[in-house]
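Letter by letter, the chains look like this.
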Amino acid sequence: MTRLYTFSLLSVVVCASLSNELVAQAPAAEGVAPPAAMQDELVTPVDDSSSADEPVALIVDHGGPAADNSPAGSDGETRSRLPWWAWSLILFVFTLVLGVIAVLGGVGGGVLFVPIVGTFFPFHMDFVRGTSLLVALAGSLSAGSGLLRKNLTSVRLVFPVAIPTALAALAGAMVGLAVPQDLVRIALGIAIMGIAGVMLLARKSEYPEVAEQDRLGEALRIAGIYFEPSQSKAIEWKTHRTGVGIVLFIGVGFMAGMFGLGAGWANVPVFNLVMGAPLKIAAGASGLLISIADSAAAWTYLNKGAVIPLITVPSVAGMILGAKIGGRMLSSARPAMVRRMVISLMVFAGLSSLLKGLGVL
Amino acid sequence: MDENESGNQVPTPVENLVYSKVMEVGVYAGLAVTVVGFGLLVTGALPACLPMDEAPNVWHLSAQEVSRHFGIPTGLGWLGKARCADILSRVGLAMLSSTMILAHCFGYCHFMKKRDRLFANIVLVGTLILLLAVSGLTSGGH
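The listed protein sequences correspond, in order, to chains A and B. Converting from the first sequence to the numbering used here requires adding 835 to each position, the first position being numbered 1. Converting from the second sequence to the numbering used here requires adding 5 to each position, the first position being numbered 1.
Hints in this document: simulated from the structure, not taken from any laboratory. Values in this document were obtained by computation on a predicted structure and should not be read as measured data. Each hint should be verified, as a subset may be incorrect.
Cut-off 20 Å, straight-line C-alpha distance, at most; resulting in silico cross-link-like pairs (SDA-like, lysine to any residue) [unchecked claim]:
1. Lys1073/A x Lys26/B
2. Lys26/B x Arg991/A
3. Lys985/A x Pro18/B
4. Lys119/B x Leu1055/A
5. Lys985/A x Val19/B
6. Lys1073/A x Val1045/A
7. Lys985/A x Val15/B
8. Lys985/A x Val30/B
9. Lys119/B x Lys1159/A
10. Lys1073/A x Val1033/A
11. Lys1115/A x Ile1060/A
12. Lys1115/A x Pro18/B
13. Lys1039/A x Leu1055/A
14. Lys118/B x Ser103/B
Let the hints inform the model, and build the full structure from the sequences given.
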């Protein structure tokens, strides 16, 4: 089993490095050069419905970067040498492996997907974050239905905190789409390394002690009961520190929207350690919260055009399939060891993102 | 309350079942449209607004730059281009992102029927926030 995990982790690193080799650095240009098929005709919008969009200022300088069909973005980004289908295939394999690792490591996948794909693949961060949000959304919605039926999540716990979280996710998405991607990469790198630290230090409590419910939680009747098969008994639960939880979720929502993360890494500790929900309920509630907050952020990315199906569909398919394979491997996994390996990979991914943002990579 | 599907003595709240059913339908419908759109895209059965062969030349550009290159409107305007296979696939992803709005609509009716006005209002505010995101106002659309 250890060999399999090591192989999976190495696959991610090798796949990422290989991707990096297959992109060519295009020099920064003052304008945006068009793709080959469009160089003969001055690019104008295909449809009049976008008349408010003026044709982007194109510099077709045949002696400059555009001459070799190497359009450079406003951030002086990279372009790829491979055809679209090769990238879609690489992305599918990569997310499949990532899906397995994410489930075994107890993370959502976004904390690895965004920094690794954003650093080593030739996609703009807008598309990486848009894709990551939809990957998280598809996963949480798929799982949410079953969790609700099994009573392992609670709408009474999630909906009150979902309002500020979704608003913060919206704000985060707007900020994330407005700032230069190198700045996003630097902030993301720091955030991912911070998250790795939180994951390393945070403890979990199966059944936190809640002596007395706070007034807000009481007014909202945030409480419930679920059946625990391992003890063959019903567990009653209630929460406290609702206000503190809401404040923390505002920060979590902002980061989720800005960096395109599902944010399960933060949702579970806040529900569990801060608000006192049992671990199983906290995990289920995290999924339901992601379904709401990421919907708000995902629509912002969709409306901005930050979703290309050639990138998003293979990623969603790979991650869902990988998560299913990972789920089957869970019974024979050694969670503590996998978790340590995932945290190491997060540090690597965060550092890579930081260095790329600083122009070192 | 209904009995829990696992057959234990703890019943599942009706609101859980309401949301569960809508989410299940929403996910299947959204993924189905996404896959159909993607199938039409890669087989070339429908034209694409962002041609596949051009994608590797432009996906390093920002979303705004790509949208402008290919005349794909931002805001909600892109939905008008659903005759393109890539946009149709994006419609499926948008359906996925709208699942909770639909679920909230059913949830609102449920809480109103239960005379739980406080929670009905919480659901209503949650729906309005999601509709704000859908409107395109937060994306600076044109």
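For this structure, which hints from the list above don't hold up? 1, 9, 10, 13, 14
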